[in-house]
Amino acid sequence: MTKLNESEAQTLATVDLDGIKSHRFEDVPGVRRHLVKKSAKGQVVHIGKDYKEPSSRIRTKLDRTPHEVFVELNELLMDKNQEMHWKETARWIKFEEDVEEETERWGKPHVASLSFRSLLELRKTISHGAVLLDLDQKTLPGIAHQVVEQMIISDQIRAQDRANVLRALLLKHSHPSDGKEHSLFKRNISATSLGSLISHYHSSNHIKDTPQFFGLHKTKSKHELKLLEKIPEDAEATVVLVGSVDFLDQPTMAFVRLQEAVLLESVLEVPIPVRFLFVLLGPPNANIDYHQIGRSISTLMSDKHFHEVAYLADERQDLLTAINSFLDCSIVLPPSEVGGDELLHSIARFQKEILHKRHEQEVKLQAKEPKSPEDIDDPLRRTGRLFGGVIRDARRRYPKYISDFKDALSPQCMATVIFIYFAALSPAITFGGLLGEKTDGLIGVSELIISTAMQGMLFCLLGAQPLLVVGFSGPLLVFEESFYSFCRSSEIEYLTGRLWIGIWLIIIVVLTVAFEGSFLVRFVSRFTQEIFSFLISLIFIYETFFKLGKVLRCFYASQTLNQPNTALLSLVLTAGTFFIAFYLRKFKNSAFFPGTLRRAIGDFGVPIAIFIMVLLDYSIKDTYTQKLSVPDGFSVTSPDKRGWLIHPLGSDGQFPIWMMVASILPALLVYILIFMETQITTLIVSKKDRMLVKGSGFHLDLLIIVVAGGVSALFGLPWLTGATVRSVTHANSLTVMSKAVAPGDKPRIQEVKEQRVTGFLVAFLVGLSIVIGDVLRQVPIAVLFGIFLYMGVMSLNGIQLTERMMLLFMPPKYHPEHTYVRKVRTLRMHLFTCLQLVCLAVLWAVMSTSASLAFPFVLVLTVPFRRFLLSRIFTRREIQCRKLFEFEEQGKFNLFCLLRNM
1 MTKLNESEAQ TLATVDLDGI KSHRFEDVPG VRRHLVKKSA KGQVVHIGKD
51 YKEPSSRIRT KLDRTPHEVF VELNELLMDK NQEMHWKETA RWIKFEEDVE
101 EETERWGKPH VASLSFRSLL ELRKTISHGA VLLDLDQKTL PGIAHQVVEQ
151 MIISDQIRAQ DRANVLRALL LKHSHPSDGK EHSLFKRNIS ATSLGSLISH
201 YHSSNHIKDT PQFFGLHKTK SKHELKLLEK IPEDAEATVV LVGSVDFLDQ
251 PTMAFVRLQE AVLLESVLEV PIPVRFLFVL LGPPNANIDY HQIGRSISTL
301 MSDKHFHEVA YLADERQDLL TAINSFLDCS IVLPPSEVGG DELLHSIARF
351 QKEILHKRHE QEVKLQAKEP KSPEDIDDPL RRTGRLFGGV IRDARRRYPK
401 YISDFKDALS PQCMATVIFI YFAALSPAIT FGGLLGEKTD GLIGVSELII
451 STAMQGMLFC LLGAQPLLVV GFSGPLLVFE ESFYSFCRSS EIEYLTGRLW
501 IGIWLIIIVV LTVAFEGSFL VRFVSRFTQE IFSFLISLIF IYETFFKLGK
551 VLRCFYASQT LNQPNTALLS LVLTAGTFFI AFYLRKFKNS AFFPGTLRRA
601 IGDFGVPIAI FIMVLLDYSI KDTYTQKLSV PDGFSVTSPD KRGWLIHPLG
651 SDGQFPIWMM VASILPALLV YILIFMETQI TTLIVSKKDR MLVKGSGFHL
701 DLLIIVVAGG VSALFGLPWL TGATVRSVTH ANSLTVMSKA VAPGDKPRIQ
751 EVKEQRVTGF LVAFLVGLSI VIGDVLRQVP IAVLFGIFLY MGVMSLNGIQ
801 LTERMMLLFM PPKYHPEHTY VRKVRTLRMH LFTCLQLVCL AVLWAVMSTS
851 ASLAFPFVLV LTVPFRRFLL SRIFTRREIQ CRKLFEFEEQ GKFNLFCLLR
901 NM
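Heads up: the sequence shown is residues 1 to 902, going by full-length UniProt numbering.
Simulated from the structure, these hints should not be mistaken for laboratory data. Among these hints, one or two may not hold up.
No farther apart than 20 Å at their CA atoms in a straight line, the calculated lysine to any residue pairs in the SDA-like style are these [what the hints assert, rightly or not]: (1) Lys94 / Lys226; (2) Lys687 / Thr735; (3) Lys627 / Leu776; (4) Lys406 / Lys94; (5) Lys222 / Ala591; (6) Lys753 / Arg690.
Given these sequences and hints, build the entire structure.
This is how it looks when you write it as structure tokens:
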């Protein structure tokens, strides 16, 4: 590098910014020496002889809110023309990415591994270097000048080195993505222009738009747009500049936090505002590794805990304390020839234990801090007033009513409507057919379709959680069959009995909601939630194969048909629909095709599967397959047996008075089923990791669903509930995964399209299915079986019981690194799983026998079983595992957060 002698540097006076001469500076005060104010708030550099103490009111306005951080490491290297320049060698979004020297391409993202010595050297340099916090500068020349002056004040460099260091800091930057090297200035700053720049750096503060001043506006390249997708929108950058120069006798360092993030054009490879700068320059023969120290500070700044401290730091000691905390959670690996998976396994386990200890300390500190009412807003918290819960639900949700329609303007919502329409129509037709068989046609497909449409549209317009899909369910089918058998044996009119059950349902739900009875859902632990969710999924899978087998049996029993390939084609249609939808869902997160196309294919996976299989069936002319049986017009299933309106005293006016009163008992059973399934579904849909922002309403939703069902009984329509599988599928299909995912990281949930339109349109289309019956009658019923199977299998993925069931057949050495695996002995874990399976088997047995009317009570008994019996088997101190598990899984649906070592 060319040096400037002292006399030359002192005589530099002309302004030559190489092509930007048309811009004038307003103030030419000459070279000024900065005044430095040291206080408890850190070391802040101030300019000029007219310096005044800033008021505390001004200080309080400083924005120190932590942002996501993008870190770029630049090293001082020699280019092919033997000129020094800053070259980007690595970057951090979350993981480290390095530039491969041979190919100038970016390597794979990886977890940064640092040398212990580089971390110690970094701590040493920060403890002795310049730390400038809340620096009020908007341009790179202004920042560089104050950094150089502070280096002189802290005796890190000599005064005669000022020009050379400043010139080094303002050298051009190059990036691997550059078509050709570009820089803040069109060429390296000349010695002639440097002296003028020293004198006039501060006058750039008068220029409001720095990028326009330097004439550096440019169109974003494809590379920039692709990289910006990976970076969070509110991210602020950290620029790390390290390298060796031959004009310094000792290393010099500066850590800078700007008062406001500013765009420094052509410094970064993407236009992100810069908040932090780290500079380390020194002689080549210094006993330090500049590259490794640069990697160390870059990794620290990409660490969540450290960069939050960097934003909030008041002085140098805060940074040093944060480095010590980082070292406390780091692992030193001694030199060894041992490698492979065993080494990685031991390191990962040890670090998790360290992080868990840190998390426990943070939880204890947070528990001591008082929380505002907004922080502890709980939809199940009782207000102590009549109907207080319903009123609070309405006040929380209805102000967002307009946004519930605006947020539906998305292609993803259209895909959801198509998918969930078939997902809702399929059980309506399937359960409707079963219901018609169980009730001798008194309630069938027509009634269930109309009930699904009317109650669904009403709930989507008024409900507090419109992501719920109301529909018929397996447990309700069990009750209907049992109650019909009871009425037939007792010679009581079935539909009239249902009417009085509906009346009692309305009375019960009004009393429950008036006294905020939904708080009882707190006692429905995840033990019960998991069993119930698994049972509902199991019903979907079972019904798929049961109905498919029934279709095949009916075909073979018929002697008029001569279609030997019907069984094979039905199996192909069912399996084809399932596998196409399943793998297109997985394809959404694959590495094939551009992200936009990949996500579109994944979102429309189920409609694509349906279309392909219907087209396949249509193209095969010589093989018969059973098609959908859709009623023709808005008529009851059995017009000769009933009409639309049910008389409360029966068709002959002789309905027993005692049965009117006694109907409260079956009403309680129905209410328990609706309460349990609706509230559990709301808990699952509203779990924390979905990041819902509009809230839920347990009281309001329960009131709407039960009252609508009670009124529907007047017309002989089925009761509905919050359908677990359909609701979870609905929420999943509306989930938007973040595009701003660090390379090498897993996609995270960005948002869920919380709106009312998709549910309303689905319910409307289900009702419209009666009108477009001719079209739907071309759809093979085997295709709907495939959708049934898909929903059942996909809903099992989020249930921990499924994972632990598979662990029963795995040797312990192959068990995953979950907290409930590491903190619990294997036999104890299997004992817990077996107890859940026993409860599941009992529920299935009760549901499948003549005692099915008692199914709701048996389901409720799992609550005291968990609270009282399991508490005797597993000690209370084992429950401490829960917080650790939630920390590790970041809110994943934890259904087994109990046990610690026995």
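Problem - 20 Å limit on alpha-carbon distance, applied to hinted pair Lys753 and Arg690 - result: It holds: about 11 Å lies between the C-alpha atoms, which stays within 20 Å.
Exercise for the section: With a cut-off of 20 Å on the C-alpha distance, tell me whether Lys687 and Thr735 pass. Expected result: At roughly 13 Å apart (the allowed maximum being 20 Å), Thr735 and Lys687 satisfy the hint.
Problem - Pair hint outcome, Lys406 versus Lys94 [Cα-Cα no greater than 20 Å] - result: violated, 33 Å
Exercise for the section: Compare the distance between the alpha carbons of Lys627 and Leu776 with 20 Å, and conclude whether the hinted pair is satisfied. Expected result: holds, 8 Å
Handout entry: Pair hint Lys222 and Ala591, alpha-carbon separation not exceeding 20 Å
Key = Holds, at about 18 Å.
Problem - Given pair status - Lys226, Lys94, alpha carbons within 20 Å - result: holds, 16 Å
Violated hint: 4 only; the structure is consistent with all others.
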